[in-house]
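Chains as they are written, first to last, in this note's numbering: chain A, 1 to 688; chain B, 1 to 292.
Treat the hints as calculated values from the structure; they're not laboratory data. Quick caveat, the model's predicted, so the values are computed rather than measured. There could be a bad hint or two in this list.
[Said to hold, decoys possible] A few chain A residues that face chain B, going by a derived Cβ cut-off under 10 Å, partial list only: (1) Q21; (2) V161; (3) A165; (4) Y187; (5) M249; (6) D353; (7) L356.
[What the hints assert, rightly or not] Here are a few chain B residues that sit away from chain A, every Cβ distance over 12 Å (derived from the structure): (8) S2; (9) L6; (10) A64; (11) T79; (12) A171; (13) T186.
Glycine is no exception: its CB is placed at the ideal position from the N, C-alpha and C atoms.
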Amino acid sequence: MTKLIVDGTEVDVPAEYTLLQACEEAGAEIPRFCYHERLSIAGNCRMCLVELKGAPKPVASCAWAVRDCRPGPNGEAPEVFTKSKMARKARNGVMEFLLINHPLDCPICDQGGECDLQDQAMAFGVDTSRFAENKRAVEDKYIGPLVRTSMNRCIHCTRCVRFTAEVAGTSDMGAIGRGEDMEITTYLETAMHSELQGNVADICPVGALLPKPYSFKARPWELGKTESIDVMDAVGSAIRVDTRGREVMRILPRINDAVNEEWISDKTRQIVDGLKTQRLDRPFIRENGRLRAASWSEAFNAIGARMKSASPDRIGAIAGDLCAVEEMFALKLLMEKLGSPNIDCRQDGAKLDPSLGRTSYLFNATIAGIEHVDALMIIGSNPRREAPVLNARIRKRWRAGNFPVGLIGEAVDLTYPYKYIGAGAGSLSDVVAGKDFGEDFAKAAKPLVIVGQGALARADGAAILALAAKVAGTKEGWTGLSILHTAAARVGGLDLNFVPQAGGKDAIAMAEAGALDVLFNLGADEIDIAPGAFVIYQGTHGDRGAHRADVILPGATYTEKSGTYVNTEGRVQIADRACFPPGDAREDWAILRALSDVLGARLPFDSLVQLRRLLHERHPHFARQDRIERGGDLQALAAKAGQGTTDKAGFVAAVQDFYLTNPIARASAVMAECSALALDRQMRHAAE
Amino acid sequence: MSVRRLAEVQPASFEFTPDNRAWADKQIQKYPLGRQASAIIPLLWQAQKQNGYWLPKPAIEKVAEQLGMPFIRALEIATFYTMFNLEPVGKFYIQMCGTTPCMLQGSDSIKTVLERRVGPPHKVTADGLFSWIEVECLGACCNAPMVQINDDYYEDLTSENFEKLLNDLAAGRREVKTGSQIGRVTSEPVGGLTTLTELWGKDGRSGPGRLPKAEAEPDHAAAADEKAYQDAQPGAEAPLHTQMSQSQKQRTGRPESSVAGTGTRTERPVEGEGKKADDAAQASTPPSKHTP
Ligand code: SF4
Ligand code: FES
Ligand code: FES
């Protein structure tokens with residue numbers, strides 16, 4: 001720790017701190033553009049200049065380490081002034097220079113109102129310019145469908161360049177030319193190919209990079225802001241949903257160091273248009289093979305009529321990937337009351353068994369914990385597509401050095417190098433036997449094994465999970481086995497034990513022809529249901545599920561209801577309602593509650609509060625928000641390793657098209673464009 | 001400077017010749033494992049040379065691939081350094097210095113010749129022989145004005161000799177002279193030596209361990225010291241001045257006579273006559289070495 005005096009206040013900070021951090025510690029505000037706490041230091045904007053006693057010139061505080069400050073002649077602590085005349089003058093000067101080539105087009109700039117340059121020019125700039133010459137003009141660049149550029153506004157902080165090189169790992173952006181002719185661009189204006197590219201618009205301190213789909217749509221001060229949780233993948237990124245009236249205008253990341261730091265994936269950010277299109281806004285009934293709009297009572301009566309004639313074991317329910325815990329809980333109670341054991345939340349057929357304890361299906365290492373592991377093995381997963389934000393964490397750990405990574409499954413570009421061990425279960429058995437990567441891995445004190453749904457959603461999934469548990473080992477105080485889920489609803493469903501009860505059928509069996517008479521489909525769109533059964537689809541979009549439905553009940557998306565979600569780590573989080581569902585659509589728990597009346601199996605709650613009270617009574621951990629609760633250990637699971645046969649087929653990652661994994665994304669034109677672009681790139685790559 | 005972009009018309013592919021490939025591998029090996037990217041500039045440079053002095057897109061990509069760098073990183077380098085030509089250049093690629101010393105010495109007339117003979121800058125002539133650009137100081141200001149053509153400097157230009165030079169190049173004549181076009185050697189003064197016309201220490205007023213004396217009187221004690229110093233040099237059989245004249249010959253590679261032309265430089269005067277010799281040297285104008 002080093003003592004330092006900032007504006008007369010003494011602070012004691014670690015020597016490796018920068019002056020900027022030390023000043024912040026002392027409560028002084030330092031303006032900045034290029035400095036970003038999650039990126040490397042560039043020191044090129046000079047906005048953070050401060051006066052350092054004894055230094056002949058102002059120093060860039062972001063690039064000056066505390067340990068480089070010299071003490072005074074009599075050993076006094078180094079002294080920094082952030083408000084002195086020199087510091088003020090330096091900032092004035094830098095600001096004047098920055099604005100020389102800046103177009104000052106704030107009135108037509110989307111960044112207006114939330115622009116660092118605008119704010120800092122107000123706070124630290126001068127009120128006039130002495131520059132009477134022409135400003136430079138820079139061509140706007142195409143850098144992909146998600147980010148619009150307006151390169152006249154760029155101040156060359158290189159945050160975007162550093163982000164794509166360091167965090168995203170795709171090195172998409174760069175600065176070509178030099179001096180006055182320096183330009184920020186991608187390689188020959190190709191589209192960026194990161195799943196995190198939208199974040200460059202957030203970190204750009206000016207309006208040079210802006211979200212393209214949101215162009216000229218709204219001003220920040222007219223938006224209502226709701227803090228929420230993302231459901232596009234199982235990471236549970238912290239988001240802020242900005243609405244104007246009934247409409248969601250945009251989605252931005254919030255900072256949550258335990259989960260997403262301050263990044264979100266492009267799907268999380270840009271499915272906004274998917275929330276508005278293809279919506280089911282009233283109930284439908286299929287008549288003579290065609291769906292027709294109906295009223296709620298008509299729809300309920302149609303269901304009631306059908307249910308009456310079905311015996312309980314011929315009724316079943318499947319819960320989809322975007323469901324909140326509340327509606328799955330309601331549905332489970334309803335099925336209990338109807339006496340049916342056929343319920344399942346694993347539409348992909350993953351062989352995860354909640355009876356083995358929570359530890360057997362959670363990402364036990366935790367996302368923040370990735371930074372502390374010392375070896376990684378990925379089994380049947382492509383984290384870059386399944387959870388881009390989590391993949392950025394792995395990359396962060398890899399950048400810290402000394403991090404062997406092995407992969408069993410498809411050989412794909414993960415943005416960091418890895419040792420390719422093999423394609424399928426055979427290679428996994430080799431590793432268990434200590435061969436190949438196994439040796440390195442056994443040495444690790446904190447090994448991490450990521451098991452994807454691609455390895456679990458197959459007939460031999462249970463055997464593979466056991467092998468993986470064996471590889472991860474059961475060390476004292478460390479559980480390395482980590483399941484990477486792809487569905488936001490999955491862990492919540494498993495927590496609720498939303499799996500076949502005694503003698504019940506699982507999702508795959510329920511979807512088979514002739515298995516059931518009535519199937520209640522709660523937003524499960526990734527499963528093919530064979531003809532025969534009467535299907536009630538409760539969901540939000542006219543997607544696969546709705547096409548196979550006999551009755552459609554319109555529900556609410558995650559921005560339109562308050563719902564509990566549990567992320568892949570087992571972290572309980574609540575997504576808040578930002579706006580209301582369209583038309584006749586209703587919150588899902590309320591639909592189920594109303595339906596239960598018609599079916600003569602009334603659910604014991606009349607409000608969300610009552611529902612939650614009952615939920616927390618039965619499953620107390622749902623009440624403890626933002627916490628991760630462990631349950632059970634892996635001994636039993638690991639002991640089963642080697643039992644049961646495994647299939648030779650290679651693992652195929654659960655997510656093949658990152659942009660189109662759920663009904664909301666499939667309804668989004670922006671995601672469709674991204675998907676087409678990615679596909680095109682893949683084809684060209686394959687052709688080469 | 002201006003915004004630089006890749007050329008519109010690009011070759012389909014680029015491949016190093018086996019020789020260049022081997023050369024490139026050697027460059028890469030100079031750097032520790034994982035730091036191959038450090039070899040980017042030599043490799044791009046070699047690629048440019050191989051490709052008629054300009055750097056096409058396939059070459060940038062090839063080099064980036066070879067060094068395991070993202071394309072954009074290589075493009076950054078290629079666009080940053082103006083010595084990488086991103087567009088085709090003439091067989092004789094002329095970089096004309098237009099910075100102050102050259103300008104004062106008449107680079108404007110060189111430019112006029114270029115504009116008349118070759119055309120506007122950045123444009124290759126129809127016969128593919130010439131293209132030119134104006135550059136900043138190339139570090140040969142002593143021999144201003146000057147141009148660089150491909151790898152060679154051509155100095156002491158006038159509009160006449162420059163025009164002749166261009167004609168010679170165009171005619172494919174081999175005997176064009178590089179360096180000064182008026183016969184001067186390196187950057188010696190045009191009118192012969194004006195300073196250092198005497199051997200250092202020879203006049204007895206300067207030398208090892210001595211402060212220059214204000215009076216013109218020879219310093220006998222100093223001369224004696226110098227003698228002692230020479231004796232102390234192991235293996236210094238020949239007198240110092242002979243050694244020096246020899247090395248002078250080697251350095252310049254010129255015949256003895258032209259060195260001797262400066263007279264006083266090699267003749268060591270009798271002790272006590274330093275002043276007289278000085279005067280003589282100043283009075284006599286040494287014969288010019290620059291007779292063409
Ligand atoms: S585009 Fe934005 S983030 Fe990138 S260098 Fe310019 S100002 Fe910085
Ligand atoms: S923030 Fe310090 S130089 Fe940019
Ligand atoms: S000014 Fe022309 S070479 Fe220096």
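Evaluated hints:
The restraint placing A/Q21 at the interface with chain B is violated, with a minimum CB-CB distance near 29 Å, outside the 10 Å limit. A hinted interface residue such as A/V161 counts as satisfied when its beta carbon comes closer than 10 Å to some beta carbon of chain B; here the least separation is about 9 Å, so the hint holds. Because the smallest distance between the Cβ of A/A165 and any Cβ of chain B comes to about 8 Å, under 10 Å, the interface hint for this residue holds. A cut of 10 Å between beta carbons decides the hint on A/Y187: the least distance to chain B is about 4 Å, and the hint holds.
Restraint check, A/M249 versus chain B: the minimum CB separation of about 32 Å is more than 10 Å; hint violated. This hint is violated: A/D353 has a C-beta 44 Å from the nearest C-beta of chain B, more than the 10 Å allowed. Taking 10 Å as the C-beta cut-off, the interface hint given for A/L356 is violated, the closest approach to chain B being about 43 Å. Consistency note on B/S2: stated as away from chain A, yet its beta-carbon is not over 12 Å from all of that chain's, at 7 Å minimum.
Listed as a non-interface residue, B/L6 fails to keep its Cβ farther than 12 Å from every Cβ of chain A; the least gap is roughly 7 Å. With a least CB separation of 9 Å from chain A, B/A64 falls inside the 12 Å interface cut-off, contrary to its annotation. Some Cβ of chain A comes within 12 Å of the Cβ of B/T79; the nearest lies about 4 Å off, and the non-interface call is violated. In this structure B/A171 is separated from chain A by more than 12 Å, as the shortest Cβ-Cβ distance comes to about 38 Å.
Even its closest Cβ contact with chain A, about 33 Å, leaves B/T186 beyond 12 Å, as expected for a residue assigned away from the interface.
Going down the numbered hints, you'll see the structure goes against 1, 5, 6, 7, 8, 9, 10, 11, while the others check out.
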